[in-house]
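J.: Heads up: the protein sequence lines correspond to chains A and B, in order.
Quick note on numbering: our numbering labels position 312 of the first sequence as 312, and the sequence is numbered without any gaps.
Quick note on numbering: our numbering labels position 307 of the second sequence as 307, and the sequence is numbered without any gaps.
If you are wondering where the hints come from, they were derived from the structure by calculation, not from laboratory data.
Take these hints with a grain of salt, some might be off.
What the hints assert, rightly or not - Below, simulated SDA-like cross-link-like pairs (lysine to any residue); rule was C-alpha separation at most 20 Å, straight line:
no., chain 1, residue 1, chain 2, residue 2
1, B, Lys90, B, Ala267
2, A, Lys90, B, Ala649
3, A, Lys90, A, Val268
4, B, Lys90, B, Leu312
5, B, Lys90, A, Ala643
6, A, Lys90, A, Gly24
7, A, Lys90, A, Glu249
8, B, Lys90, A, Ala649
9, A, Lys90, A, Pro284
There are 2 protein chains.
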Amino acid sequence: MTQSLQPLAHAIRFLAIDAIVQAGEGHPGVPLGMAEIATALYTQHLRHHPADPLWPDRDRVVLSNGHGSMLLYALLHLSGYERISLDQIKAFRQLGAHTAGHPEIDPAAGIELTTGLLGQGIANALGMAVAEAALNARFGPGLVDHFTWAFVGDGCLQEGIGQEAIALAGHLRLGKLVFLWDDNRITDDGSTELAISESVPERFRVAQWHVQEVDGHDIAAVSAAIAEARRDPRPSLIACRTVIARGIERLQGQRGGHSARLFDADAVRAREQLGWPQVPFEVPAPVLQSWRDAAARSRPAYEAWHARLAALPAGERAEFERVQRGELPALWRERLLAHKRHALAADAGSDAAGATRSGIFLSSDIQQQLDDLLPERIVLCPDLEAPTGHKRGVAAFTAADRSGSYLHCGVREHVMGAMANGMAAHGGVRPLAVTYLAFSDYERPALRMAALMRLPVTFVFSHDSIGIGSNGPTHQPVEVLASLRAMPDMLVMRPADIVEAAECWEIALEHRAGPVSLVFARQPLPRVRMPASLAAADGNPCRRGAYVLAEAGSGARQVTLLATGSEVALALAARGQLEAGGVPTAVVSMPCWALFDAQDEAYREQVLGPGTARVGIEAAVRFGWDRWLGARGGFVGMPGFGASGPADALYRHFGLTAEAIAAEARRLLPAPLHRHPPERAPA
Amino acid sequence: MTQSLQPLAHAIRFLAIDAIVQAGEGHPGVPLGMAEIATALYTQHLRHHPADPLWPDRDRVVLSNGHGSMLLYALLHLSGYERISLDQIKAFRQLGAHTAGHPEIDPAAGIELTTGLLGQGIANALGMAVAEAALNARFGPGLVDHFTWAFVGDGCLQEGIGQEAIALAGHLRLGKLVFLWDDNRITDDGSTELAISESVPERFRVAQWHVQEVDGHDIAAVSAAIAEARRDPRPSLIACRTVIARGIERLQGQRGGHSARLFDADAVRAREQLGWPQVPFEVPAPVLQSWRDAAARSRPAYEAWHARLAALPAGERAEFERVQRGELPALWRERLLAHKRHALAADAGSDAAGATRSGIFLSSDIQQQLDDLLPERIVLCPDLEAPTGHKRGVAAFTAADRSGSYLHCGVREHVMGAMANGMAAHGGVRPLAVTYLAFSDYERPALRMAALMRLPVTFVFSHDSIGIGSNGPTHQPVEVLASLRAMPDMLVMRPADIVEAAECWEIALEHRAGPVSLVFARQPLPRVRMPASLAAADGNPCRRGAYVLAEAGSGARQVTLLATGSEVALALAARGQLEAGGVPTAVVSMPCWALFDAQDEAYREQVLGPGTARVGIEAAVRFGWDRWLGARGGFVGMPGFGASGPADALYRHFGLTAEAIAAEARRLLPAPLHRHPPERAPA
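Here chain A stands alone, though its shape is the one from the complex (with noise of 0.2 Å):
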């Protein structure tokens, strides 16, 4: 049987030869190299539903080796997935089409991720595991009960990251999790042994997978590996043994086959050699018929499956569906609104208030107060427990125990981010990662994924500036801020204190558009939001990105202090000497800038306070704040990178002080006699 599938693998490989040379450009080695490979996958062992691409008991498939996207698309068509249209395949690579040069997710298209940048894909293939798991644990297997297939290159698994994935994989005995490696001992220099002397399954071996090695041309054996992978509770690592680009003569097992353009003429000469006598895009009907065929073999599976979501228990059933569309369950906002007026009401001094307890502790209280009512959270963590204190009345997630909801990452900040997209872009479970900010270099590719997917993903960060103190400048961010607040897409958010963190968290609890990255120090926040403020009641001004916190109360406003996160205490103090010396002085609290931008310009002029002397604070470089401040503006904060020593001092060693902030303030005031023009606020 298996031999009449070749022209099925045929199809993929005619479809992919056609689309790159219409395109001019493309990787024809993946889709020549791994046709057998999916063959074997898509029509003997892949549980899809291609009428229904979101059918939330799906296999998962991902292309970690995205520049191979061609492959993906040809199986997308073949099986019948309607957005891939033949149309589709001759627009490969143009803009607008949805065959992009790499994949861009598409769930309802069948694309489940954006993948190309080597390794993020088995990384969130990994964390789409994970969150099978998870639901399976929560649901039960007649809910949920797929596997998750990932195509694999060299590079991939060069990567760190890849590294990181195969250890913890194999670290929490994920066997759904399967990788189908092509093992074509070519990447972009030529020969791998240009850069690995290592043997690769041997590798995994180490990492506790079950490992198959077989020739990745015979469908048959392709797809008895994929049986015996199925059975082994261990992930499992098929290598297959291909020839790149298979199929084009002088580039099949060449360095050349991993990107080089195709002509009409490889393609005529395919033909020949391959017996493929169609023209360019037509695919044989019986061939077609067969691809179809075997798509509809998960139908059964597919009806009955939905015959038991509508058998359950109607509060089961409606939970199912409620973490399926990532919706909020009732009174989340309660829990918070009452966690920030008890806030609130404290007594300044006290720990209620954020004044002795470090900042990514208020964090940690609100999701504390949530525990019970979000099952679906699982929190990441690369082995900062401890310090980041997300971990409270939880249990772990573990090899043993698919219940808990604390994922202990090792020191693998990359993997974690990455898991934590896979498992978004799975669906069913909120996934939130936390680390130091300092660390999120590490995890950096992932965040960009994140934002580049839209993926609700929540990032939390602690020990986010010299605020940590003597562990030094390698662990002090100063140029983090900025450089996620330069990223399109993700929204930062540095909350000053236990009212803001409440009012972020509600924030970033609501976004589904994308990532949110909530940045806490390390040092306590005492409250700045005062019982009386106007804005302390049950309104959220977070969400307008910046808000008058303290207005001027001397006089007509002069000076305006913007400031985020830990330094709005200092700005109030700066104010106090400011307003005590005859200026008056607003401050205003920053949490989100990406927020405040969206504001209509009336709103950000008010706040901006035009004309009056404006002082960005922030403990960490200027870059982006000219934003605000406008040519004029002053800002206190930090010349470079930190030192180590005590927290206090640094601050007073870098001039992050009242005094300082308030003398900036003064510097700029004009002198009596002659005033600047008022400014506009940025258009």
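Knowing the structure of chain A, use the given hints to seat chain B on it.
T.: This is chain B only, laid out in the frame that chain A set:
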């Protein structure tokens, strides 16, 4: 004999305890757990000369688990490094001390590297071992023949960068690289079993390392293993089974041993139990003498080395000393100038003017010009040899041939960047790390460490925008320029054409005070500097960071277009349209913001054109540009992430056209009857 070394180990242990007690924080786990290991290394194997910490042929020691900094400080103090006095030990973690919370690079004090972001140190050590091997091949073992030792914790090995380092070091068979692993089975969260199930020694064996397992508290056993490691031609892992925080009864072997605070009572109890009657910070005179005697072991080798250096032919010695000092050779500037003059003399449409040549190849052309002049250069690249083109006339550095100067890193950007840092810190070589700009995030922690250490590493980035075309948004950096510019002490340069490429390389080659990021397009960068331009002479206007490339031609300047890299040509085209429409317009090329920022205000004002309508143009996000544009400035760039499509279609789609730039400028021009007041340049 080794029995008698135990007091030497205890001297480390108690200096660490006393310093950590006094500082009120610190990480006792490593210095207490690795005291015996360090004693074995320093007293019986290490080749160093504390009186001359900069001896070029010294063994290098890297404390990759940098949180254990007191281990290093104790070793340096006991060995007699002058800068690490007892007062410095007592000032542990205080502002201004050499004894920072994590080691901060100071080779004259014996601190080879800044470490503490886990995994960086071992990758740095790999770079040092590469530098040693390359210099050994070039200058012979008489001048360069030393080991590189790294103290390594579990975190370093769990991190992806650590895994990349293991794979690459084994592949390169760097036999003089030895890792001393603190196998204490504890990380911050608790047992290592929380996050890893693989055998670390097996993982190293798969990677072709020589592996031994010993009792880390048995000095003789560790010493014997080190001796064996020295003999083996492979890189060596010595897995040293240890008890974390050994000597502190309530913490040893416990999770708290990693970083719990120590108190006076802990120190008292440890003194009782280990028989160490001395008062805090007192080292018994015989023990100190033993340490100094141990350090003196290398003196004959040190003197013999100097004798060999002195006996060298003058030219050979001068060349060795030149590369040690990091100086450039004769004629390098002449070569660059000749290249620039050639480019300026070429017809505008020719390849010698960059008209059709990929931007990144303008960089590789320059490097090729320097091939024979810069034998100390080592180019690192993560599997992008063909598209980045920096191999050209040089051979690969391999396990079999250390004379090559191009290192195939595999698909491993992170270890590449950190290796470059280690090579620069080692000295004698000039590392150059090349990859796509979108992949820079993968090595960002290493970029940051280069900046923090102010190491002279050149990072070359290609494929810098949507100009890469249909590979799509994963491969299109839009926020990376901003995130690099936000990093202190990182010089970011984006040359506009072949002439600026030569000028920026001139600056980069001379810049020794920190790293440089040179950013190039994939698409051609046709020459924008014209032979007749004022800036066409042998001066280098890029030194000022930004300069007027084309002044307004039809009257007093009304518009200033500010652009970088590939967008300078667009700005010139827009200028043509504006001038034709009667709007006097200047174009400013801004290859390096940081250098421009360092100019005096008068120059900046002259360039920016006070009172003119300013438009920034860059195929990237606006973030950071407000610094130059002022509150009323316009911007033509990317609204967010890119898309997949042909490059020219993308430029049109995102409105990066001369027409759009001209329209933006016209929008900003004052209505005829009321003009804005002049705006001052940023202070």
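J.: Of the hints stated earlier, which fail here?
T.: The structure conflicts with hints 4 and 7, although it agrees with all the remaining ones.
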